[in-house]
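**Q** Here this note's numbering is used: the first residue of the sequence shown is 463, the next is one more, and so on.
Heads up, a few of these hints could be off.
Computed list of lysine-lysine pairs in DSS-like fashion (alpha-carbon distance at most 27 Å, straight line) [to be verified]: (1) Lys857 x Lys759; (2) Lys708 x Lys694; (3) Lys737 x Lys616.
Hints listed in this document are in silico derivations from the structure and should not be mistaken for laboratory results.
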Amino acid sequence: MDATSKIMSDKRIQKSNVKMALALSSDGMPVHIDSAINGKACNSTCIGCGCPVIAKNRGKVAFHYSHDPKFYDPDVCNWSPETELHLMAKMVIAEDQKLNVPVGTIEPNYKDIHFEDVKLEKRLENRIPDVIAYANGELIVIEIAVTHPCETDKISEMRRAYTNCVEIDLSEFYFEEQTLNLNTVRKFIHQAPIKWLSISPVGDIGQVTYSHNFNLQRELATQVKSLSEKLKTIEAEEYLISKKHKQASDKLNNLLAKIDEQLIQYKKQNSIVIKNRTQLERLRHLDEELERFATDKESFSRKIQSIYQKEQALSLREASIRKQKMELNTQEQHYYSSRQRAEEEKESKIKSELEAEFQEKKMEVEQERVRLNGARRNFDKILDERVEKRVETIKKQLHFDAQQQKAHILDNANGARKRTLELIEPLPARLKEQFDKARSFTKPPYEVIDEVEKIIYRLSKRTDT
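Generate the whole structure from the sequences, applying the supplied hints.
**A** Here's what the structure looks like:
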């Protein structure tokens, strides 16, 4: 159940609990239960069906009228809370002799109109309005809408007759109490929606309405004119701002294009720096080659030391050979002695054999000594020459290549850094100048300047080193 259905249901429940508070006296005037005599002595009838009613204003239940059961026919009676509300609203207007009505039909003001005379249910030509009132001699018809607003043909007829007619809308009245009273209805009328259905153009009400609408329309026209002029001014300012914005945008785009060009140049220089770094890496590899050469030199030194050790071993062997020679000499002497003894003791054949054997051994020892001496001299000479020549050649070549590569790479790197520094050194000042000019149109990206200044600082440090 939506909110509207719930409200309508609550209203129906409230209305079913509302009791009769008005009845017609013997002279046909409405009498509220608070003013009636208790019981049948009230001598009143129902406003809906004319049935006699009984006033009940002495019990604990809310004061109210009830139909006399002897005469009551529910099929005939058409009493309802809305009927009673409608009648009480007319009673309030007749009693107060005034009504708070709108002045004007466009953004109306409200003021009280005081009546000299108020008539209820009096025929006016071929119709019977709810209320007929007179203010300053001017006729005002008052219609009270509880369940149904005024019909279109009725409104048209009153407009053709130039009749002042105002309608009070009581359709939103909420039945909270068991019986209605004039004060409750009076308060609601004061805040209920009210509008003019028809206004006579020749009376005071028509003149006041016309004056109000005319003044309001004139004020609105003045405001519209002022707003139109302001709109033109704003449009002109908007055009100028748009034009300035476009110019600034074009300048900013040009600046960004220049920045992009500078960045492209920077990237190119950066690629050169990367190449130089590669060459420096190669130079480091050459340094590593030099270190390996030093290691190889140490290895050669160890080999030379080993050769020296072999030479010492040869010297020892030579000493051993000399010792053997001495022994041979001793043997020779012994042989001579033996030969002499053999000559004396043996025959010449033994002498010849011993002599031949001695000569043979002597020749073998001499040949071995000569061969060893020659081999030692040749080995020492060849080894010294080759080692010295090879070491000197490698040392000179490596040193020369390393110095050449290092000088070439350092020259290229310093040249590239200087060219890069010359290209981007004026960039921060130009960027800052352009950003300051474009500050009113966009937030300058000063972080770009900071990044470029850091790059310049790093390049200048590397160039110094």
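**Q** All the hints need checking, so say for each whether the structure fits it.
**A** Going down the list of hints, with the structure as the test:
| no. | hint | verdict |
| --- | --- | --- |
| 1 | Lys857 x Lys759 | 9 Å, holds |
| 2 | Lys708 x Lys694 | 21 Å, holds |
| 3 | Lys737 x Lys616 | 100 Å, violated |
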